[in-house]
Amino acid sequence: MLDWILAALVLIGAFFTLVGSIGLYKLPDFYMRLHGPTKATTLGVGAILIASVLYFSFTTEAASLHEILVTMFLFITAPVSAHLMAKAALHIQLKKVERTRIDSSFHQ
Amino acid sequence: MIFREKILPHPTLTLMLWLIWLLLNNTVAAGHIVLGLVLALLIPLFTSSFWPEKVQIKAPLTLFKFLAVVFWDIVIANMVVAKLILGRNKHLKPAFFCIDLDIKNPLGISFLANTISLTPGTVSCDLSTDHQHLLVHALHVEDIPATIKHIKQRYEAPLKEVFTSC
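In order, the protein sequence lines correspond to chains A and B. Numbering of the first sequence is given in numbering that gives the first Met the number 0, commencing with residue 0 and proceeding in unit increments. Numbering of the second sequence is given in numbering that gives the first Met the number 0, commencing with residue 0 and proceeding in unit increments.
One or more hints might be untrue.
Stated by the list, open to error - Stretch-level coverage of chain B by chain A, calculated; a stretch enters the list once three of its residues show a Cβ under 8 Å from a Cβ in chain A:
id, segment
1, 83–97
2, 118–125
3, 153–162
As the list claims (entries may be wrong) - List time: in silico BS3-like cross-link candidates among lysine-lysine, alpha-carbon distance up to 27 Å:
id, chain 1, residue 1, chain 2, residue 2
4, B, K92, A, K86
5, A, K95, B, K64
6, A, K94, B, K159
7, A, K86, B, K148
8, A, K25, A, K95
9, B, K103, A, K25
10, A, K95, B, K159
11, A, K25, B, K159
12, B, K103, A, K94
13, A, K86, B, K159
14, A, K94, B, K92
15, A, K86, B, K103
Think of the hints as simulated: they come from the structure by calculation, not from any bench. By construction, the Cβ of each residue, glycine as well, lies at the ideal position given by its N, Cα and C atoms.
Construct all of the structure, not just a fragment, from the sequences and the given hints.
Right, dumping it as structure tokens:
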């Protein structure tokens with residue numbers, strides 16, 4: 000039973016990480032490509048880490064919880080790096096896809 | 000009161016450090032509990048000059064509710080974005096928009112910006128120097144005002160409650 004749950008979690012994680020990479024490859028401009036890795040990885044890595052917690056908690060004596068830290072650090076650092084890259088991209092005025100709408104309140 | 004503030008300048012920070020120490024060592028052995036507590040008490044003392052403002056969480060229950068909502072949104076929105084990414088590029092409607100911030104606390108703003116970036120489909124790109132506007136890029140958005148309203152109601156309102164500037 001545990002094996003099935005673990006397999007499902009690892010597969011879900013792998014799937015979302017793959018989708019993130021595909022997004023990085025195929026989306027048309029920098030700003031859109033940013034969405035792939037910062038997003039799909041949250042659930043992707045999250046699912047794999049849950050699998051890790053379950054596996055080590057059930058196969059060894061003690062509960063294994065330090066994966067929570069990995070999640071926490073990832074959730075803190077991923078948005079910050081995305082923010083900085085976006086900021087840098089705006090600063091050097093990287094091209095964006097023409098159909099990108101710019102809300103009227105946006106003043107650069 | 001003043002004595003307590005000198006010894007324990009940031010109780011929230013102390014608690015977090017203690018918890019992180021125990022998680023890092025992946026143990027609840029008595030020795031590590033004591034060592035972690037000592038470090039958690041000393042580190043905020045030595046670094047207190049880096050934290051001019053007190054970290055204050057006003058409504059812990061609201062914070063937990065907020066975290067649960069965000070977690071759920073991440074799961075749901077991940078599937079939505081996965082569908083968007085695997086679909087045709089032509090159908091995507093990217094947009095830049097500005098959110099006028101009501102929240103003033105710096106920690107609250109960074110929480111909000113992080114939340115926006117974590118929930119798939121939106122990335123926070125820039126914060127105006129006066130901390131009044133947050134620039135956000137969305138991968139696919141149909142109705143910009145509705146999205147802004149959604150973010151303000153769902154994420155900013157509870158954060159404002161939790162982090163009120165003193």
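#### Entry: Restraint check for K25 of chain A with K159 of chain B, where alpha carbons must lie at most 27 Å apart
violated, 38 Å
### Query
For the segment 153–162 of chain B, do at least 3 residues have a Cβ located nearer than 8 Å to some Cβ of chain A?
violated (count 0)
### Query
Quick check: the segment 83–97 of chain B, covered by chain A? Criterion 3+ residues, Cβ under 8 Å.
holds (count 10)
### Query
Is the hinted pair K94 of chain A and K159 of chain B satisfied, with a Cα-Cα distance of at most 27 Å?
The given pair, whose Cα atoms are some 35 Å apart, is violated under the 27 Å limit.
### Message
Hinted pair, alpha-carbon criterion (27 Å max): K94 of chain A, K92 of chain B. Please report holds or violated.
### Response
holds, 16 Å
#### Entry: Residues of the segment 118–125 of chain B with Cβ under 8 Å from chain A, three needed, outcome
The restraint on the segment 118–125 of chain B holds, since 6 of its residues have a Cβ under 8 Å from chain A and three suffice.
### Message
Just to be careful, I want the Cα atoms of K92 of chain B and K86 of chain A compared with a cutoff of 27 Å; is the pair within it?
### Response
Measuring from Cα to Cα gives roughly 21 Å; hence the hint holds.
### Query
For the pair supplied as a hint, K86 of chain A and K159 of chain B, is the alpha-carbon distance within the 27 Å limit?
Given pair K86 of chain A, K159 of chain B holds - Cα atoms ~25 Å apart, limit 27 Å.
### Satisfaction of hint between K103 of chain B and K86 of chain A, Cα-Cα up to 27 Å
holds, 21 Å
### Message
For K95 of chain A and K159 of chain B, compute the direct alpha-carbon distance and say whether it is at most 27 Å.
### Response
At roughly 33 Å apart (the allowed maximum being 27 Å), K159 of chain B and K95 of chain A break the hint.
### Query
Straight-line Cα separation of K103 of chain B and K25 of chain A no greater than 27 Å?
violated, 38 Å
### Given hint K64 of chain B paired with K95 of chain A - CA-CA distance at most 27 Å
Given pair K95 of chain A, K64 of chain B is violated - Cα atoms ~37 Å apart, limit 27 Å.
When the structure is compared with the earlier hints, violations turn up for hints 3, 5, 6, 9, 10, 11 and 12 and for no others.
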